[in-house]
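With chain A held as given, fit chain B onto it using these hints.
Chains as they are written, first to last, in this note's numbering: chain A, 1 to 374; chain B, 1001 to 1319.
The set of hints was computed from the structure by calculation and includes no laboratory data.
Careful, some of the hints might be misleading.
Beta-carbon label-pair distances, calculated as ranges [as the list claims (entries may be wrong)]:
hint, chain 1, residue 1, chain 2, residue 2, range
1, B, Ile1116, A, Val29, 27 to 37 Å
2, A, Val133, B, Asp1186, 53 to 63 Å
3, B, Gln1055, A, Leu45, 25 to 35 Å
4, A, Ile41, B, Asp1186, 36 to 46 Å
5, B, Gly1235, A, Leu46, 43 to 53 Å
C-beta atoms are modelled at their ideal positions from N, C-alpha and C, and glycine is treated no differently.
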Amino acid sequence: MKKNKNGIIHKVILQTIGHEKRQHYMIPVFTILLSLIFGAIVIALLGSNPFKAYYNLLQGSGLAPKASYAGHKGIITDFTSFLNALTPMLFAALAVLIALKAGLFNIGVSGQMLAAGFTATVLIGYSTLPAIVAKPLVVLIGFVIGALAGAVVGFLKHRFNINEVVSTIMFNYIFQYVVSFLINTFYVDPVSRQSKNVGASGRLTLVDVVIGDYKMDIPLGILLAAVGIAVTAFIMNKTILGFEIKAVGSSMRAAEYAGIQVGRTRVLAMMLSGGFAGLAGVTYYMGYFASIQPKVLVSTGYDAIAVALLGNSSPIGIIFSSFLITVISKGSTYMNSASGVQAEIASAITGIILLFSACGAYVKYKVNRWKEDN
Amino acid sequence: MNTIIIDGLSFALPLFIMAIGGIYCERSGITNLAIEGLQGFGAFCGALFAVCIAQYFAGNSPIPFYLAMLFAFLGGMLFSLLHAMLCIKFKANQVISGVVINILAMALTEFMTKQINASIFGAASNKFVLGVSARITVPVLSQIPVLGAVFTNLYPFEIVIAVIAVIAWYVLYKTRFGLHLRACGDNPHAVDAAGIEVSRVRLIAVMASGALSGLGGICFAYSISANFSSNIYSGYGYLAIAALIFGNWKIMPTLGACLLFGFARSGGYELVKILEMPSSYQDLVMVLPYVLTLLMLIFFSKKNHSPKALGEIYDKGAR
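If we strip away everything but chain B, and leave its shape as in the complex, we get:
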């Protein structure tokens, strides 16, 4: 039971932070299929920085990890500017822009990883080895029955994500800027009429999305794969998109969706272990989160609706 909660959370939270980024972007009216590429590029930047500075720190020092998170955050933000430029300045089709960013991110990071490994570290390798981040257990809280598992064997990034998620929730729902952002996705003309620049709000939203995606990406690199390689592009970004649409473009329901993915996944693995099935059955159990989601969607989708102006290019002149 404890393992289910521990592993489930460590999968769900990075997914959640990427989905929050997606919510920011889509609530401002910009379709974001680019999460997959953004998280990969962010993770690449973080991982690159971590391996560059690794020699200055002791092997078990957590500082490279925190710096990697920071650089993943910045790297994702930087790369998302491309999406912003295409969608806002060049009025490109937002879907094609998202797909392009995924393709570019994949090609660029794979190429640069090889190139940098060969030229700087003198090794022919297509990955940056990071290792798994250390885990912490909160002293008193972890003694609570059942719920204590939430505070046991935590990755430090889970705390960071929780803090950022709370801030993101506050900004989106309780501040003036959040209101503007949500209005941009539903009725950009009204926002414009109120004297607020739509493109500026959208730019910030896209950048937030890139930054949070990058953060999510580096967390996966430091937990599941323990390195940066093309393995990072195994669909986490698409899963985050699914979670946010499932969550009806709202933060709290999206958290629910992410937790569902996380717990169903870790629960499935646990089931295989308990029943002592051969490891190929893992694949079958991995279907669980997705089947569950589809079933839940059948019951909860009736009231689902996307932001009204989602995917529309904002044109001041159009009425």
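Chain A extracted, bound-state conformation:
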């Protein structure tokens, strides 16, 4: 074997990720590092300084100070704007995660986001309700509409054996076109060609709040997302429902023999999943943005699949994976203007990170083999 040749590298790798108990988080960290190195090489080959480009990503996300700021802007305003973008991603990842736990694959998060976001926009966003009533109602409507959309998918799966991948894809299209029709017919803003902006009272992000010398956007949804993660972790680890969901997800037959009502559990899991997708929708369309672009399905729902899997399908894990992916996507605009590295490279790096992480099982297998050899 080549073992002796690169003995030092071997030792380092074994020391860091060889330990069984630490592997579940050391291996993702290892693969992410590997992919960042790979991305750096790509950026260097394109003729830019990779360290500067990565630093730009952090600067663009408000995690590192920029050289200069426009008036009323600062590192803190960049950071709150980053949190604003992070919120929908956290919810969407939670939505994918819960469905995954039940062995279901919710590819329709984007559609559920749109349905919930649009309904809340029309019912509350255009009303004149005071903020104290409007904001909770937006959250409630978002959750309920999303949950309904999810429940329908779960019901179709349970009652008619309709594969959830197909039905969610179909619903994605249906929501996309119906919402686009309604916006273009009733709610279009003739200048922006999008839906009219929602009022400030219903919006889940406080826009242009003046604190000290800064004007910042404060996303209220991020607190909600923190609660959502805690609740999900609690449901999954401490409640009967969570146990049943995981049981159905790991083996439907076994769960059935154990007396778990598989159909009911699946519908409930899809409801929860849809509910979180709905919250992602309202924090996206009535928080991060204030309007809806017709005929466009946001990519958040698809990215969230990758984020959830990158986060080891654990509620705590997705905090880190959402954070990482959002830093890259949010910072890419600044990276483009500061280093001239095209923004598309940022999504390519995201892809590479996910690609390397997907090989986590293989890395684990290899490392454990080495350990046995030694």
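Coordinates of chain B only, in the frame set by chain A:
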């Protein structure tokens, strides 16, 4: 009526060829969510080749189009090797691999399109202009009442697709290799015990899927959008996945599903025209194929079941 058939077919057939690729892949036991990315990457390769050689041919020459198809075929196949490597060699989660391929394909092709346009053609543009492929009408057959529309105003790619589809059907159901492939998706251990290498069969299946997806992609680029841009990622791949699951992972029912999508779509457009509704109503009619599919699924899904070993990583040692 004729327009419905003509437009419906030109939408359904590229979808069908992508779905056949998906069937090959999934029947061999590899989940394929990557069709969207594969078709985009294939279309990118074909379009790039077509614009590079366009200056050597007269404006109306069909040769660049056929070469574009060939290169889309090869490009899709090349990119699918990534999926194969991740799923077969690195034992990655097949779902995440599919999603990754979609993300990568989107980012890479958009980036390269911009970069190539700027550096080679000296124009800041994010698309390759292709134009719409010429159409042909088969002389005698097109005179048949109603059915004649099938042979009227055909895109040449529809004939190519029909031929490939027949071959694909024959290979999957009537040859020894097809049998091995289907067995890999249901019981890979039995295939292994029979002395056939599971990973090899799966590799070929994934490559076939990539190639056919690429072919479907370039057909859309040459008909609906008339260029290659990020517009190619408007969900054709996901629709193909829906069609193949609707078709219960079998080729003929999948053709039915694709035709349903195609005809409902063109029928809807026609309806808007006939009733002289404002164009925003088009969006509402576009819902038709998807609602119809859901309704049909309610009646036909009971007997649907996926290949038994779909999405499972093949591990020789596991029993």
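So, going through the hints one by one against the coordinates:
Between Ile1116(B) and Val29(A) the C-beta distance comes to about 36 Å, which sits within the given range of 27 to 37 Å. Here the CB-CB span from Val133(A) to Asp1186(B) is close to 57 Å, well matched to the stated 53 to 63 Å. A hinted range of 25 to 35 Å holds for the C-beta pair Gln1055(B) and Leu45(A), which are about 29 Å apart. Between Ile41(A) and Asp1186(B) the Cβ separation comes to about 42 Å, which falls inside the hinted range of 36 to 46 Å.
For the hinted restraint 43 to 53 Å between Gly1235(B) and Leu46(A), the CB-CB distance of approximately 30 Å leaves it violated.
Of the numbered hints given earlier, the model fails hint 5 alone.
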